[in-house]
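Novice: Sequence:
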Amino acid sequence: MPSPLVTTDWLQANLDNPDLVLIDASMVNVIGKEPIVYDAPVFIPGSYRIDLEGTLCDTESPQVHAFPTEAQFTAEARRLGIGPDSQVVLYDNQGIYSAPRAWWIFRAMGVDQVFVLDGGLPQWLAEGRDTVSAPVAEAANPGSVMGKFDRTRVRDSDYVFQHLDDEQVIVLDARSRARFLAQAPEPRPGVRGGHIPNSLNLPFSEVLAGYRFKPEDELSDTFARLAPSLQPGKEAQLVFSCGSGITACIILLAGELAGYDRLSLYDGSWADWGSNEALPVA
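Here the UniProt record's numbering is used: the first residue of the sequence shown is 1, the next is one more, and so on.
Quick caveat, the hints were computed from the structure, so don't treat them as lab data.
Just so you know, even glycine gets a beta-carbon here, dropped at the ideal spot from N, CA and C.
Computed spacing ranges between beta-carbons, pair by pair:
id	residue 1	residue 2	range
1	Glu277	Pro41	41 to 47 Å
2	Asn198	Asn14	40 to 46 Å
3	Arg79	Glu218	34 to 40 Å
4	Glu127	Asp217	21 to 27 Å
5	Leu181	Leu20	40 to 46 Å
6	Asp150	Arg177	30 to 36 Å
The whole structure should be built from the sequences, with the hints applied where relevant.
Specialist: Below is the structure:
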């Protein structure tokens, strides 16, 4: 299986590739880290822009940052000109933050040729590469892709609750250890402190080195230490959670880099679980 990451060198060499669809998936609201703030808009040349908090979010759902519908995804993918031969590359302006969320949306909707730029815009800027001040509005020719949602890639609270004592389903939480242990307040009102019973804590910062992911061997060691009984290729499934389903995708992508393949996202994550008094909290 090819890596889900591409490097800045690869992207520079492929900027003129007609099959490349380059997308800025930055978010306005950054939670869980000190945000990088820009004085003016800046993009990698040829980038489109997507809105993970609006256009690619089911705003009719009561859930925070709910996964988009198939219709929402299809409309946006066609606006971007995505077809069967497209190579989609996603990045964000924090390094590695929201691009993995967009990557998982594309994967869950049936787009296989989708990748994340390792290091994102900060790495690109640090290397002194060219930038522009505005994204491309839309593709010259509409795309033909149609979203087909694979529901095994996205879980809900019912699924997680039913598998709380299932040793073959391991929930990994990307929030800080202080939030995981209810030693720091939740940023959203009405959400309890604590974590899902039997879940494990892997703060997303621990899979990153600077703006980029840590090397694959280090990621493999991290996952092995966290769950010694779990090995890539075995039957156990990893379900990733965080505050609302954004940074969970960072450690989900890290899990794929480490060699795991039975991966899914608990969409809604702690904002969903912690606000439901009927669900147990550890």
